[in-house]
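Note that the protein sequences, when read in sequence, are chains U and S. Note that this note's numbering has the first sequence beginning at -4, numbered continuously upward. Note that this note's numbering has the second sequence beginning at 936, numbered continuously upward.
I should point out that these hints are in silico values taken from the structure, not numbers from a laboratory. It is possible that some hints are incorrect.
Short derived list, chain U residues pointing at chain S, Cβ under 8 Å [stated by the list, open to error]:
1) Asn80
2) Pro81
3) Arg140
4) Gln167
5) Arg169
6) Ala198
7) Pro201
8) Arg204
9) Gly212
10) Arg217
11) Arg224
12) Asn265
13) Leu288
14) Thr291
15) Val293
Note that the coordinates shown come from a computational prediction; the quantities given were computed from them, not determined experimentally. All residues carry an ideal CB built from backbone N, CA and C; glycine is no exception.
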Amino acid sequence: MPSRRRALLLLAALTALALASLVAALLAGSYAVAPGEVWAALTGTGQDTAGAVVSGLRLPRALAAFACGGLLALAGALMQVLLRNPLADPYVLGISGGAAVGALLAMLAGLALALINLFAFAGAFAAMLLVFGLARGDGSWTQTRLLLTGVIVAAGCSAVVALILSVAPEHQLRSMLFWLMGDLSHAGTPWPALLVLALGLAAALPLSRDLNLLARGDLIARTLGVRVRGLRGAVYVLASLLTAVAVTTAGSVGFVGLVVPHLVRLAVGNDQRVLLPAAALAGGSLLVIADTLARTLVAPQQLPVGVLTALLGVPVFLYLLSRQAKGSAP
Amino acid sequence: MSSLLTVRGLAVAVGGRTVVRGLDLELAAGERLAILGRNGAGKTTLLHTLAGLREPAAGRIELCGAELAQTPPRRVAQLRGVLLQQQVDAFPASVLETALIGRHPWLKRWAWESAADARIARAALAAVDLAGFAARDVQTLSGGERQRLAIATLLTQQPRLALLDEPLSHLDLNHQIAALQLLSRTAQETGTALVMVMHDPGLAARYCDRALLVHGDGRVESGSAAAMLTAERLSALYQHPLRMVEADGQRCFLPL
């Protein structure tokens, strides 16, 4: 049983990690900025160039990365509970597929960035409504039905994405591929995503003990007094909206939503009261670190951050998994 | 004494087929009722209906004097507990954590399990012979250990009415008797009423006061265990000839 004290200690440690990752993101880059200048820029007393680089470029991008990572990890944790499947991620129900279709159509039409984001969000929302409508057609709402409907809608979306890629002119392909792999260089203002992350956590936390029971099965949750139908609907809508906001901000960054909840689960167990806020903090930190590496490793060229999240996350995850296996052996 | 569970004219249907019709039942504190019937006769469906997990096709169910369908789920969960037929664990969790989910209906939204809750859970684990298992991962338990953990979770819930679907499944012989003795002791000491779906009429005769026979075609018979559990009635129920043997004052039923 994770005691409340241990939970608070862990969350404090993850908050420190998040702050450290943000500071590293502000310091790192091709234009050298001293720690003192970062402080000056943040407090609004900075010099021209350093201040502009830190508060105008690096800070919004780092905050956007944190928000996206947090949103994806939180949505992934919720999806895993909703589908009672450790392999579920925020994209499994076709949300990112819908967003990709919307975004790529907007790019194909040569629309402006704001419209690309709008189309991405509309695509994600349409996919969510489609899956929701089809999956509860006969009111049964089983995990298998929801999962199958989502997987099929996602498959349909990736077919459309492939179609768009094959007819798109050469010069648009690169930006389309970057969108598909996840990229924060066009992230824009981070505040909407941060606000949604805070609201999402605030909405999920009061439900977290109910979610602990939902993770053990619909029927057992109902025997212990959980209103399962309403809860599942709420979790589905919440996880979908979080995912939609994340992909609208940064494209479909892979891996964070699948692996961060698992990493956190290996460290703290499956109590959603700890897992949900811890996943949001850890996911945010991972994406900030990955994005900082993505823009500095081969600077001035930038890598798509989705590639980095996988390259960073896979070894860490495999290490934790093997340690866990050794630990639980008799 | 007022009745914990009152059932009037209950009908239960599965896939358009009525398996229970016109059931009347009253269960008082401390009473133990066995439900017997062939596979697919509707025992589990009936149990789930009594638990409020399923809508009845007709009739009324009252739990502690209040209409079951109108009672808020959390209140229902404080009054009645259910042991489900199967326990499936998709995610790892410790044995103690799993027993503690029984406290869920008693905790306020932001409350965490207290030391008192943990004491209740640990006592329940000790009662089912799982005292040393608190930190074990449920996914590493054997079938019988997992079943005993489910019984401990139900005891941790401390309901006034316990509905148990095949409480003896996966249990070895000594744990079958231990589980029935534990449940009977709980019924006697705390006044918990028990409804148990069972497959061994001999054990039902020994550990239950009353029996409900579910024939699967809508017919149900209920009465005292002594009156219901006879070779004649059980042979008709299972559609297989049975002979009753008495040894040391206990009834046994031998399939012929």
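Status of each hint after checking the structure:
For the restraint placing Asn80 of chain U at the interface with chain S, the shortest Cβ-Cβ distance is roughly 7 Å, inside the 8 Å limit, so the hint holds. Because the beta carbon of Pro81 of chain U sits about 6 Å from the nearest beta carbon in chain S, less than 8 Å, this interface hint is met. For Arg140 of chain U, the shortest C-beta to C-beta distance to chain S is roughly 17 Å, which exceeds 8 Å, and the interface hint is violated. At about 42 Å, the closest approach between the beta carbon of Gln167 of chain U and any beta carbon in chain S exceeds 8 Å, and the interface hint on this residue is violated.
For Arg169 of chain U, the suggested interface contact is broken, since its CB lies about 40 Å from the closest CB of chain S, more than 8 Å. Interface restraint check: Ala198 of chain U against chain S, minimum CB-CB distance 13 Å, threshold 8 Å, status violated. Because the closest C-beta pair between Pro201 of chain U and chain S is about 6 Å apart, less than 8 Å, the hint holds. Against a cut-off of 8 Å between C-beta atoms, the interface hint on Arg204 of chain U holds, since the closest Cβ of chain S lies about 6 Å away.
At a threshold of 8 Å, the smallest CB-CB gap from Gly212 of chain U to chain S is about 6 Å, leaving the interface hint in force. Here the hint on Arg217 of chain U is kept, as its CB sits about 6 Å from the closest CB of chain S, short of 8 Å. Restraint check, Arg224 of chain U versus chain S: the minimum CB separation of about 11 Å is more than 8 Å; hint violated. Checking Asn265 of chain U against chain S by beta carbon gives a least distance of about 5 Å; that is within 8 Å, so the hint holds.
For the restraint placing Leu288 of chain U at the interface with chain S, the shortest Cβ-Cβ distance is roughly 31 Å, beyond the 8 Å limit, so the hint is violated. For Thr291 of chain U, the shortest C-beta to C-beta distance to chain S is roughly 37 Å, which exceeds 8 Å, and the interface hint is violated. Because the beta carbon of Val293 of chain U sits about 39 Å from the nearest beta carbon in chain S, more than 8 Å, this interface hint is broken.
Figure legend: structure checked against the earlier numbered hints; hints not met, in rising order: 3, 4, 5, 6, 11, 13, 14 and 15.
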